[in-house]
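Just so you know, the sequences run in chain order F and X.
If you're matching positions, the first sequence starts at 4 in this note's numbering and goes up one per residue.
If you're matching positions, the second sequence starts at 4 in this note's numbering and goes up one per residue.
Quick caveat, the hints were computed from the structure, so don't treat them as lab data.
Since no wrong hints were added, every one of them can be taken at face value.
One copy or two, either will do: identical chains are not told apart, so a pair holds if it fits within one copy or between any two.
Subject to a maximum C-alpha distance of 27 Å in a straight line, what follows is the list of computed BS3-like cross-link-like pairs (lysine-lysine):
no., residue 1, residue 2
1, 144, 197
2, 149, 132
3, 149, 197
4, 144, 132
5, 68, 149
Protein chains: 2
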Amino acid sequence: MIYELYYWPTIQGRGEFVRLLLEEVGAHYVDVARGSGKGAGVGALMRFLQGRDIRRPPFAPPFLKAGRLVIGQTANILQFLGSRHGLVPKDQAGRLWTHELQLTIADFVAEIHDTHHPVSSSLYYEDQKREARRRADDFLKSRAPKFLGYFERVLARNSRSDRYLVGAKLTSVDLSLFQVIAGLSYAFPLAMAKAARSYRGLFALHARVQERPRIAAYLASRRRLPFNQEGIFRHYAELDR
Amino acid sequence: MIYELYYWPTIQGRGEFVRLLLEEVGAHYVDVARGSGKGAGVGALMRFLQGRDIRRPPFAPPFLKAGRLVIGQTANILQFLGSRHGLVPKDQAGRLWTHELQLTIADFVAEIHDTHHPVSSSLYYEDQKREARRRADDFLKSRAPKFLGYFERVLARNSRSDRYLVGAKLTSVDLSLFQVIAGLSYAFPLAMAKAARSYRGLFALHARVQERPRIAAYLASRRRLPFNQEGIFRHYAELDR
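Put together the whole structure using the sequences plus the hints.
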């Protein structure tokens, strides 16, 4: 099957969590909105969001077309793909735990986004700069340590391995946490340089995922969009400390 | 089986979405932190969050103990309980769609919370009042209409029924949306009085859920905590318009 991923064509954003999984398992997929021609481009994406004949419209990208299924919400897509491609444990407790962690990552990502857009996504950063400074300050002081400390603990307490967050094998959660560390390091280079000493496990996990052959090939390819000032992870020097 | 729900004892919060489902299906459950004595109270909850011997610690309440399983993250709990008690469709497409909607409700709830805490959850409302005003203003002007309009559309496009969001029967999503409408009506009575005209489907859904025998009994009982100024939905007159 050839999957169709629908996501904004110029940013990593939430779509990147799906791309990383698809790349790691070597899945065949089309990044629809980045293509051109009939049935591709942003128009094809908008049709799902706005078409009056779409019976089950996604709220927002990313969404994935897998045969006749159309699946929205990042963590939902990862749960679906993960269990299909062996990146989620088979036992019920393991599946629930993996999804729980994936949802906690989603919460973390939403808070990271709000550091530069604490008032409104529809306003420019420049129009909420003062609020962003307060929010980013709180984020670096309390929220980021809370989330990073949590995942460091989860990693340390995994009784089956010290290389992965869940069980003895790579799961979708390891890929997503790689992306979070990569993104935070882009957005807050000073704060993260300090954090590296406190969260050694997570930074080592980041390095290991980065070296996986398919991930390394993906990161070196043109399919990997660079971080920029439009996505979730943005670098504003005044928000870093 | 007797479920154990772990959530803060004095607020509805995210735990309420789980309580509503447990009540609707007539499950036996203990609201652990609201109890007293050995193994109950807030101490019992904190043990899961902070105990060094907890192999898979939840990030935050609510979490549910079901036999040997401990399940965290509201949408994850609802997915688990929903499929166990017939409040989630059996077919794969229906299951994925229900969870997608549940995750969109979770996003909505996070944005509702941030109207009064746009800078930091650890600061008082009074210390972020100016920012809250801007954020609540944007919320009522663009975000709430976007979410409510979306769910109204989902309801209208459900080809199997005009009484439920998914398929021909009640699902966990209907219960959660009831709670969102109830909470928003408490927090923003003026704005929601106007909204009632635009989202008739959702308000009718709210009324229908409210009248379900077990939900009605629950709402009339002491088990239902009143809305207050500590939870997700808070009423600050200056944020309503």
